[in-house]
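Protein chains: 4
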Amino acid sequence: VSDLNDLIIRYRKFTHERDWQQFHDPRSLILALVGEVGELAELFQWRGPQIADAADSNSELNRRASEEIADVLLYLVRLSDELNIDLLDAAHKKLSAAEQRFPAYAFKGQAPDKTQ
Amino acid sequence: VSDLNDLIIRYRKFTHERDWQQFHDPRSLILALVGEVGELAELFQWRGPQIADAADSNSELNRRASEEIADVLLYLVRLSDELNIDLLDAAHKKLSAAEQRFPAYAFKGQAPDKTQ
Amino acid sequence: VSDLNDLIIRYRKFTHERDWQQFHDPRSLILALVGEVGELAELFQWRGPQIADAADSNSELNRRASEEIADVLLYLVRLSDELNIDLLDAAHKKLSAAEQRFPAYAFKGQAPDKTQ
Amino acid sequence: VSDLNDLIIRYRKFTHERDWQQFHDPRSLILALVGEVGELAELFQWRGPQIADAADSNSELNRRASEEIADVLLYLVRLSDELNIDLLDAAHKKLSAAEQRFPAYAFKGQAPDKTQ
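Residue numbers (the working numbering), protein chains in the order written: chain A, 1 to 116; chain B, 1 to 116; chain C, 1 to 116; chain D, 1 to 116.
What the hints contain is simulated information worked out from the structure, not anything from laboratory work.
The structure displayed is predicted, hence computed values, not measured ones.
Please note: incorrect hints may appear among the correct ones.
Identical chains share a label here; the pair holds if one copy fits it or two copies do between them.
In silico EDC-like pairs for lysine to aspartate or glutamate, Cα to Cα no more than 20 Å straight-line [said to hold, decoys possible]:
1. Lys94 / Asp81
2. Lys94 / Glu42
3. Lys108 / Asp19
4. Lys108 / Asp25
5. Lys93 / Asp56
Let the sequences and hints guide you as you build the complete structure.
Structure follows, in structure tokens:
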């Protein structure tokens, strides 16, 4: 599976069959998204920067992270659907902007400093 | 565009060309994601539950929301790529679980109560 | 109790007695804070804007909210302690700035618009 | 200054003088809090675990962190005030519970594992 539309449409159908659109105003969906991001953050809160364990599909951490990441995506998909936003198109536009703003030759190995 | 893989691969290429993988450990990406979720939340913080303005593609609010939602997706895509997680597959699995857990006939019009 | 210093010192002592300073670098504490904010958000995600239930000390929602709010404060206190930041002083300074920036006569009943 | 009540009362007065209580329902305040937590996270997103720079009162990072931490505290104070929650009392209760749950002798140098 690599088609995001299938997920969008499947979740929309899920929502309508339960008559849950009434709960899916933007603020509610954002609060729900924040809840899932919180669960994702918790998984990594007391860990070091190493990625080995986290990136191993057989680890418990990887399994848990994959569930929380999925939950975040689901609310993001639902939110953009309610707002009539083409999620993938918006992301490609932002990436195009980043490509312009951070030319590879000038930003090689250098993270943008957020305190400047 | 509806293929999520294109976005994943494009962002991976963007990262490698700038040698930015070194910054993309899970904790850093989650903190960056939290930053974007914060910007999304800010857009809706003093607003009512109405969706009209937010869902109108010509409104400034819709344009801003679409940018922040895109940023959240981008970091989510990057994070799952670093963790070798199949984002779409994981989301479909969670949705399957939700379909089982909340049968349409039993949860019609009723939001699950998080304080119980 | 109304002295914040007592809480700061008590939590510092708690941390040192368990030798947990090693885990309390800024990023770890922020991720932990995000986790608690997520739990707070979850409590309100499917609710309306009404405050009655939430503000009633006898309600389950109020009890749960008070626990999550406490957790957020605790990590905020720990973070500012590790960073040598005088939390109350910093908050009073921000409030002074807000008093200047939003004179009562000019902003009466008007929320600052975040999309402008 | 170490009395939290002064801050609570000052911010309440600030709010009432501007007639802003109408915006301060729990969900709005939580979304605003999330916005500030996002700004705090951004400051640390591409940094290592080292604390030296961040804890130095003369550094730009410390100054910025102190502002964002203050903003988080302010919304937390406002939220608990609207919900009639005694913030400090709630935090002391949670700390008492943690002291019981994690005896120093048993948890010395060991962070609780969130994936278990």
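Tested hints:
no. : hint           : result
1   : Lys94 / Asp81  : both (18 Å within a copy, 18 Å between copies)
2   : Lys94 / Glu42  : between (28 Å within a copy, 18 Å between copies)
3   : Lys108 / Asp19 : between (50 Å within a copy, 6 Å between copies)
4   : Lys108 / Asp25 : between (41 Å within a copy, 17 Å between copies)
5   : Lys93 / Asp56  : between (31 Å within a copy, 19 Å between copies)
In this structure, every one of the numbered hints holds.
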